[in-house]
Amino acid sequence: MTIAIIQFGGSNCDLDVLHVLQEVLNVDAELVWYKDNNLDHYDGAIIPGGFSYGDYLRSGAIASRTPIMDSIKRMADSEKPIMGICNGFQILTESGLLDGALTTNEYPKFKCEWSYLRVETTDTPFTSRFNKGDVIRVPIAHKDGNFYSDEPTLTKLDDNQQVVFRYVDKNGQITDEANPNGSHENIAGIVNEKKNVMGLMPHPERASESILGTTDGLRMFQSMIDHISK
Amino acid sequence: MHYCAEVTIELKSGMLDPEGMTIKRALGHLGYQTTNVSTAKKYLIEVDEESRDIAEQKVDEMCQKLIANPIIHNYTIELRETQ
Chain U
1083 MTIAIIQFGG
1093 SNCDLDVLHV
1103 LQEVLNVDAE
1113 LVWYKDNNLD
1123 HYDGAIIPGG
1133 FSYGDYLRSG
1143 AIASRTPIMD
1153 SIKRMADSEK
1163 PIMGICNGFQ
1173 ILTESGLLDG
1183 ALTTNEYPKF
1193 KCEWSYLRVE
1203 TTDTPFTSRF
1213 NKGDVIRVPI
1223 AHKDGNFYSD
1233 EPTLTKLDDN
1243 QQVVFRYVDK
1253 NGQITDEANP
1263 NGSHENIAGI
1273 VNEKKNVMGL
1283 MPHPERASES
1293 ILGTTDGLRM
1303 FQSMIDHISK
Chain L
10 MHYCAEVTIE
20 LKSGMLDPEG
30 MTIKRALGHL
40 GYQTTNVSTA
50 KKYLIEVDEE
60 SRDIAEQKVD
70 EMCQKLIANP
80 IIHNYTIELR
90 ETQ
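Listed in order, the protein sequences are those of chains U and L. Sequential numbering of the first sequence, starting at 1083, is according to my numbering. Sequential numbering of the second sequence, starting at 10, is according to my numbering.
This is chain L alone, in the form it adopts within the complex (with noise of 0.2 Å):
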């Protein structure tokens, strides 16, 4: 089966988000007041595996050898099947 994992990396909570940061700021140079704005990275990976189990396996993997760091990161997958 063709499975398609959205990964998104998120910044663990209480670190800061310089990037997120700026961009509040430049919101409120545009009239709109936000509360908060964080930023976070997706990845969309494609996989071919026997079943939905093994696929979120294999990306869950990913996640904790490559795409996330543990120290600094929190992630979450999203896996649909695709033609």
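Same shape as in the complex, but just chain U (with noise of 0.2 Å):
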């Protein structure tokens, strides 16, 4: 089993993701430059964060247009799990792989902080290791994380299932002082129809081994290796 890790120029959390992949959970994973066009041969990938190509234009929008993004939906369409981190969420909006997409926070400053997320669904290769209800800590980083997306929409991720984390206080109550970006309904993960692609904006690598605080975000590191050993 090997996982692609996706790189772009200005992207910064590569190393980090590679490193709990490799040192803390043992498994194969290879940095993967975005002129690279074809990944048929790993077996699932993560899209780190950072900024890539300086957020011009908006976040994750030059990125999403590079031509490693075609292999990404071909991954995605032959149902390999994916999971964007960050500005890799905002990638994978940009994109189209996911619906919606992530702009300015309502309070339009850099937010570096610690959040408590509650699991909304056990039924994707990302969650499978924990319990629906579940609420875990796991930090932020980011200026463009205000999910939005139409009402519609909104409706559908909610009806298939699709939102898989929210904001919630420590006690796993949705409120808008537990919201620190102004998402709506209070939506930091979802995933595609097929539950395959995954794109959330807190970072699981920074909350993935004890001297760190917590290994919440371990878990979700797990499940994909569980889906794919499967």
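Hints in this document: simulated from the structure, not taken from any laboratory. Don't take every hint at face value.
[As the list claims (entries may be wrong)] Calculated lysine-lysine pairs in the DSSO-like style (CA-CA distance at most 27 Å, straight line):
#  : chain 1 : residue 1 : chain 2 : residue 2
1  : U       : 1277      : U       : 1214
2  : U       : 1191      : U       : 1252
3  : U       : 1117      : U       : 1214
4  : U       : 1225      : L       : 50
5  : U       : 1155      : L       : 51
6  : U       : 1225      : L       : 51
7  : U       : 1191      : L       : 51
8  : L       : 21        : U       : 1193
9  : L       : 74        : U       : 1117
10 : U       : 1238      : L       : 74
11 : U       : 1155      : L       : 67
12 : U       : 1277      : U       : 1155
13 : U       : 1193      : U       : 1252
[As the list claims (entries may be wrong)] Label pairs and their calculated CB-CB ranges:
#  : chain 1 : residue 1 : chain 2 : residue 2 : range
14 : U       : 1223      : L       : 55        : 36 to 44 Å
15 : U       : 1195      : L       : 44        : 28 to 36 Å
16 : U       : 1192      : L       : 38        : 20 to 28 Å
17 : L       : 66        : U       : 1195      : 41 to 49 Å
18 : U       : 1091      : L       : 37        : 22 to 30 Å
19 : U       : 1253      : L       : 83        : 38 to 46 Å
20 : U       : 1117      : L       : 67        : 34 to 42 Å
Beta carbons are placed, not taken as given, at the ideal position from N, Cα and C, and that holds for glycine.
Assembly of the complex is requested from the two constituent chains, each provided in isolation within its own frame, with the hints serving as guidance.
What follows is the structure, given as structure tokens:
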């Protein structure tokens, strides 16, 4: 099993994800530069966080139009798991692989802080190691994380159980105070209809070792590996 | 012919515009009362095309494929012939 970690100019969480996969989980993972256009021999992919192309135009917009995204789309069609973290989530919405858009935070500043997330569904390749309703602690670090979509799309996401994580308080309650960026319905992460492509704004790779305060994020990577190993 | 397209990208109505709201508040601090401030981005795109129609069509495609995000943006194109 080998997982591809996609690198664009300006990716900066690529080595953190590589560290978690290789050192913490002992899984084969490789960094793949965006000019490569064949991902067929990989079993899954992670698009890490960062500021690809300096967030020029819109966060994720330029990266989503690079050649490697055609391979990512083929991978998505073949139902292999793909996880986009932070800028990776922005890239996945910009490419049309995920619904909605990530717009400027309601209070327009860069926010770097811990957030509590509630696991809304375990029926995805990324959350099988959780229980529904689990409240986990994972940090965020973004300025453009305000999830927006029109009402029909929000209804579809709810009806199909495509909302994976919501920002909550430590008791698991959805409140305005727990929403760090103004996201519609406190949405922190979603999947596509087939549920093999997930995007989330929080950074699970920064919550994958006890020395960092929690290993809640690790279970997302473990779930993904379980799914590939099946 | 050489054309310059002035492309303006705006947020769709009803969408939150935190930058515009912040500027509105700052104007208030300076004593200027405004009913609304919204932000927009402008791109100047120059092309060589056979005709105005083709130039307009190409720039419209660019807006749909990259410059605007149809989920959150409206855009307008103003094209002028230049030397």
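Practice problem: For the pair we were handed, residue 1155 (chain U) and residue 67 (chain L), check the Cα-Cα distance against 27 Å. | Solution: holds, 25 Å
Quiz item: Are the Cα positions of residue 1191 (chain U) and residue 1252 (chain U) separated by 27 Å at most?
Solution: At roughly 23 Å apart (the allowed maximum being 27 Å), residue 1252 (chain U) and residue 1191 (chain U) satisfy the hint.
Quiz item: CA of residue 1225 (chain U) to CA of residue 50 (chain L), is that 27 Å or under?
Solution: holds, 18 Å
Quiz item: Does the Cβ pair residue 1192 (chain U), residue 38 (chain L) satisfy 20 to 28 Å?
Solution: The hint (20 to 28 Å, Cβ to Cβ) holds, given that residue 1192 (chain U) and residue 38 (chain L) are roughly 23 Å apart.
Quiz item: Given the hint that residue 1277 (chain U) pairs with residue 1155 (chain U), does the C-alpha gap stay at or below 27 Å?
Solution: holds, 14 Å
Quiz item: Does residue 1238 (chain U) pair with residue 74 (chain L) here, judged by a C-alpha cut-off of 27 Å?
Solution: Between residue 1238 (chain U) and residue 74 (chain L) the Cα gap is close to 25 Å, so the pair holds against 27 Å.
Practice problem: Using the beta carbons of residue 1117 (chain U) and residue 67 (chain L), state whether their distance is inside 34 to 42 Å or not. | Solution: With a Cβ separation near 26 Å, residue 1117 (chain U) and residue 67 (chain L) fall outside 34 to 42 Å, so the hint is violated.
Exercise. Given the hint that residue 21 (chain L) pairs with residue 1193 (chain U), test it: the Cα-Cα distance must not exceed 27 Å.
Key: holds, 25 Å
Quiz item: Can the restraint linking residue 1155 (chain U) and residue 51 (chain L) be considered satisfied, given a maximum Cα separation of 27 Å?
Solution: violated, 31 Å
Quiz prompt | Restraint check for residue 74 (chain L) with residue 1117 (chain U), where alpha carbons must lie at most 27 Å apart | solution = Status holds; Cα separation ~20 Å.
Practice problem: Given the hint that residue 1225 (chain U) pairs with residue 51 (chain L), test it: the Cα-Cα distance must not exceed 27 Å. | Solution: With Cα atoms ~21 Å apart, residue 1225 (chain U) and residue 51 (chain L) stay inside 27 Å; holds.
Quiz prompt | Verdict for residue 1223 (chain U), residue 55 (chain L) (Cβ pair) under range 36 to 44 Å | solution = holds, 38 Å
The earlier numbered hints that this structure contradicts are 3, 5, 18 and 20.
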